[in-house]
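Undergrad: This note's numbering runs 19 ahead of the 1-based position in the sequence shown.
Honestly, the hints are just simulated from the structure, not real lab data.
Just the calculated beta-carbon pair ranges, DEER-fashion: (1) Lys266 <-> Tyr295: 42 to 48 Å; (2) Gly91 <-> Ile112: 33 to 39 Å; (3) Gly91 <-> Ala271: 51 to 57 Å; (4) Trp275 <-> Val121: 28 to 34 Å; (5) Val206 <-> Phe80: 26 to 32 Å; (6) Asp174 <-> Trp290: 27 to 33 Å.
The list that follows gives simulated cross-link-like pairs (lysine to aspartate or glutamate, DMTMM-like), each with its CA atoms no further than 25 Å apart: (7) Lys266 <-> Asp205; (8) Lys88 <-> Glu297; (9) Lys115 <-> Asp54; (10) Lys88 <-> Asp142; (11) Lys88 <-> Asp36; (12) Lys115 <-> Asp162.
We treat Cβ as the ideally placed atom computed from N, Cα and C, and that holds for glycine.
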Amino acid sequence: MVISVASATPHYRLIHDRLALILGVCLVVAVLYWDSFTSLARQWNMTDHAHGLAIFPIAAFLLWHNRHKLQGAEIRPSLLGLLAVALVVGVWIAGKATVVGVVEHFATIALIPAAVLAFLGIDLARRAAFPLLFLLFAAPVSDALVPHLMLLTADISTFLLRLSGIPVLREGQYLALPGGSFVVADVCSGVRYLMAGLVVSTIYVYYTFNSLGRRVGFVFVTAIVMVLTNGVRAYIVMAVASATDGKILGGADHIWFGWLLFALVLFTMMWLGSRYAEHDENPQ
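Start from the sequences and build out the full structure, keeping to the hints where you can.
TA: Below, the structure is given as structure tokens:
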């Protein structure tokens, strides 16, 4: 028993050393690009990007939870990583010079996995790839999707309203029903549903499936389901609010209804996915 404990001590020390090295690289990148990270934090405070606040803590937990994978990882600087850093820095400079925040912010976050690859090597970066690449979800790139999602939500809700026999007069994002007029605004686009669904489903498939095909397929289907769910949500809200003169789902209650519907659909997706789960033969 004494030998077992003694032999385990160097093992955990090596893992913690590698975790400390990854954390050190992250801190160096954060210090060197502090202005970009503070600008990124301001974007996270916006409603549609609030999920970004949770990405770094989740990535840190994923890295810690999978720390056993770092055992025996070789530490050797990589020329390929240096080229990746040079490329990402070039993108960052372009974004900064053209004042395109989305490019600057995406490159800022991408510098973290690129720097780990460059200074700690391919082996360690490969073993920590999922938590490091998961950080890219923190980039506020969803703004470009909002106009398209707004129109798609209006399309789906209009189709369902007419299908259920409710007369509707549509002009762009504005829909007139017998019981009132509604507008599919940017906050109704469903981008928050989509991003939250992508984040949750990406973590889910990492622990549920082994094959890349099933992982990508489940995340792709989840994205489609989230968009459709938002269209159904808009349809239900407009139909019920119109029928009740705004007494039901005509105020803040439609927000709680939306998140309840989102949670129910996402839970159903994960339940269905669990029926096709793949497990490691030799789990750590």
